[in-house]
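*Asks:* Those protein sequence lines, which keep their order, are chains R and V.
Note that the first sequence covers residues 647 to 985 in the numbering used here.
Note that the second sequence covers residues 212 to 739 in the numbering used here.
Everything labelled a hint here was simulated from the structure, so no lab data went into it.
One should not assume that every hint holds.
[To be verified] Simulated pairs of lysine to aspartate or glutamate, EDC-like, Cα-Cα distance not exceeding 16 Å: (1) V:Lys542 to V:Glu599; (2) V:Lys671 to R:Glu962; (3) V:Lys227 to R:Glu887.
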Amino acid sequence: MLIQFTNKGIYCKQAGVYIDPWMPVDKAIITHAHSDHARVGSKTYLAHNDSASILKYRLGDISLQTLAYHETADINGVKISLHPAGHIIGSAQVRLEYKGEIWVVSGDYKVKTDEYTIPFEPVKCQHFITESTFGLPIYDFPESYTVNKSLNDWVKKNAFEGFNSVIIGYALGKAQRILTALETDLPVLLHSTIYNTNQALGFDNSRYMKFTPDFKKEQLNPGIVLATATALGSPWMKRFEPYKLGICSGWMQLRGARRRRNADMGFVMSDHADWQGLNQAVKATGAENVYVTHGYKSVFSKWLREELKLNSTEVETLFEGEGIENETTEVNPEESPNS
Amino acid sequence: MKAFTELYAALDQTTKTNAKISAMAEYFSTAEPIDSIWAIALLTGRRPKRPINTNYLKTWANDLAGIPFWLFEESYAVVGDLAETISLLIPTTQKISSVSLNKIMNEVLTIYNKTESEKKEWLLSYWEVLSKDELFVFNKLITGSFRVGASQQLVFKALAKTHKLDEKLIAHKLMGSWLPQETKLKNLLFDGNNSFDHSRPYPFYLAYQLDVPFDDLGDINDWQIERKYDGIRGQIIIRNNEIHIWSRGEDLMTEKFPEFNSLKNSIPNGTVIDGEILPFKDGKIMSFNEMQKRIGRKNVSKKILNDVPLCMMCYDLLELNGEDLRNEPMKIRREKLEKLIERYPTDYLKLSPLQYCNSWDQLDEIRKLSKTEGCEGVMLKQKNSVYETGRRRGKWWKWKVDPLTVDAVLIYAQAGHGRRANLYTDYTFAVKDGDMLLPFTKAYSGLTDKELAEVDSWIKRNTVEKFGPVRSVKPELVFEIAFEGINASTRHKSGVAVRFPRILRWRKDKHKDEINTKDDLLQLLKAI
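Input sequences plus hints: build the corresponding full structure.
*Replies:* In structure tokens, the structure reads:
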């Protein structure tokens with residue numbers, strides 16, 4: 647077998663590379679820059695061109711080689727190439743081929759398109775490693791234009807009624823999607839983590855204000871605040887009152903998840919594949935062997951075995967999928983981040 | 212149905228009472244009266260019984276979803292709510308339906324006795340046309356699990372706002388056993404002479420737990436002090452030579468208490484007494500458990516009537532000679548109550564004895580003795596207080612004895628439902644029994660949302676075994692569990708059953724070796 651699952655991560659012995667290792671290794675290939683996939687301490691990194699700036703912003707001065715999508719690197723006879731995963735900017739599925747054996751490590755992915763991310767491309771293979779964050783049929787996500795419309799309608803209604811709209815989403819990926827989706831002349835204030843992430847990505851910040859401690863309410867009056875989940879329930883939010891709270895996440899599909907966080911509105915906006923997406927992706931690879939990682943892995947692999955008649959097994963990893971509260975790289979909004 | 216669904220969503224999305232009131236007022240002012248009456252009924256908890264067996268619902272939904280049944284069950288376990296699971300799994304239309312709430316609810320009432328295939332046909336006809344959001348609310352109604360995040364008092368406020376009526380009046384008019392299918396909104400809110408008028412109770416006045424300093428209460432002599440009994444708060448209503456007994460939960464319980472039946476012959480018409488229904492034998496109050504057992508029975512046998520006889524400990528007189536006394540001061544109502552009971556003596560009505568004390572310290576002494584008297588604390592009622600509606604602060608206070616507490620360790624966890632779906636929030640706790648851990652109670656509430664999230668994440672990382680939806684966890688987290696009472700029990704392995712258990716606090720400072728033992732529980736049992 648070309649790929650092994652080890653306690654450091656997904657390992658290709660022939661090439662001597664780990665994909666998204668959770669411990670320091672010599673050679674790491676990174677599918678995308680979220681913190682549960684891109685960790686510090688490895689000697690060298692390989693990732694997509696578009697991940698370069700954000701990886702350096704998050705991991706510091708690392709030794710990094712980059713590839714374009716579909717460009718091939720040969721490491722000890724293993725042909726390695728990256729293919730769009732549709733998850734966030736620079737996210738890639740890693741294709742590895744050696745002596746006719748082809749594996750695809752998909753990292754996190756989504757099949758539905760959005761206005762900001764390069765869309766997912768299915769890659770034929772025999773062995774496919776898939777996530778299962780939303781691996782239940784209850785997760786049937788709306789198209790992004792539908793969500794965007796309700797987001798814009800909500801912001802407009804809030805402003806009309808004199809409320810600020812506080813929107814919660816990941817700093818990397820989701821925030822840029824939200825900003826791209828917003829159609830508004832209202833002032834937009836960014837949580838400093840998001841502002842800095844934009845800057846690292848080269849995402850145009852000129853239209854937005856960055857939060858600083860000398861922020862005055864009148865700067866919004868009313869407007870939009872985009873923040874990360876660390877702000878939820880923190881006193882930092884008080885200064886935006888009166889406001890309505892909207893959370894953008896696939897988990898918002900469930901009423902319980904919405905209510906638990908006292909969100910006024912949950913927007914089902916995810917960068918992961920929903921149930922249909924996972925099935926579509928698996929089928930499109932033509933793979934007979936499917937390894938299911940983080941999420942509802944036992945359910946999804948049982949489904950693949952029993953209904954799709956594939957060889958499917960569950961694989962333990964330290965990937966976390968989409969969290970609402972667990973965005974580990976975020977800093978306290980009260981502090982001014984400088985990294 | 213569309214407007215009602217929007218109202219449901221509006222109530223669901225906000226925790227602010229003013230927003231809830233305006234959402235309801237908006238609905239009431241635009242909806243057709245025949246829909247409004249149903250909305251009022253549903254919002255005040257008058258939901259019809261579940262018309263269709265849950266297993267049928269699951270099977271039909273599963274067929275429509277086209278997935279294997281185990282996957283349906285997995286999904287249900289994650290969502291934690293059948294109505295929502297179904298609305299997420301079955302294919303829905305983008306069309307906009309125009310079915311009215313009134314039409315749906317009236318059909319629900321006729322569906323109980325239909326055959327399985329008729330029920331299915333009826334149900335599918337709605338599943339096909341309703342939008343996803345409507346479908347969810349519809350399913351909530353069909354599964355009998357319709358609940359809404361607005362208290363009755365908020366519904367009264369919204370109606371008062373819409374119809375420019377007094378809130379107290381609305382509260383009164385909406386009490387009792389009116390049926391939405393037989394009641395016209397106009398009659399309910401504005402006219403008298405409804406067929407149920409003579410059985411209608413007054414809204415109960417409820418007290419909050421005392422949480423202000425004694426200095427704020429003023430002179431102790433301005434307060435009427437009684438014991439707080441541990442029974443069923445109820446109203447006995449005698450009008451038109453009939454008796455009706457209502458519990459505070461607005462259940463008509465007349466038939467559960469046949470011993471009170473004779474009162475309709477001895478007590479004059481136009482009398483309403485507020486009090487506590489208690490099991491009382493040989494001059495002593497029996498444990499609440501005994502009464503609970505009796506109430507659980509379908510038929511009240513002669514034997515049980517003998518074994519667990521009931522009485523009402525009378526607190527207040529709300530109506531006399533057909534006259535509403537609620538705006539009289541407490542002192543006057545009490546005098547009239549005393550006279551009434553003196554004039555018509557019966558074993559079934561006892562006067563709640565007044566407690567006399569000269570200082571707050573003395574009152575505290577009386578309070579502390581409550582348990583030995585079979586009571587759960589004391590009540591403070593200002594002598595000049597009128598009889599209000601609902602739970603209010605200021606003029607009435609309850610001051611309960613401190614709960615019993617033990618430190619116990621978390622051993623099992625199960626995911627909650629609704630707001631707590633997919634979050635491990637239902638816990639089983641154990642005390643020490645030698646080297647073993649002995650489960651003794653479950654508790655669901657008492658932690659903040661933040662603590663719940665923390666414990667949930669700990670549980671997911673420290674699961675030892677999974678038994679279906681239940682996980683056993685490493686016995687490490689210690690909690691202080693409070694409860695109101697403890698009784699010997701043969702049904703529980705621990706030998707005791709506790710009443711109203713809840714988590715008082717998370718004892719992060721305590722190690723699992725420091726928790727209480729089975730012997731400690733048995734000591735508590737003896738002490739009471």
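*Asks:* Against this structure, judge whether each hint is valid.
*Replies:* Here's how the hints hold up against the structure:
Distance check on the hinted pair: Lys542 (chain V) and Glu599 (chain V) sit about 15 Å apart at the alpha-carbon level, within 16 Å; holds. A threshold of 16 Å between alpha carbons decides the hint, and for Lys671 (chain V) with Glu962 (chain R) the separation of about 14 Å falls inside it, so the pair holds. Straight-line distance between C-alpha atoms of Lys227 (chain V) and Glu887 (chain R) comes to about 14 Å, which keeps the hinted pair within the 16 Å bound.
Checked against the numbered hints listed earlier, the structure breaks none of them; every hint is satisfied.
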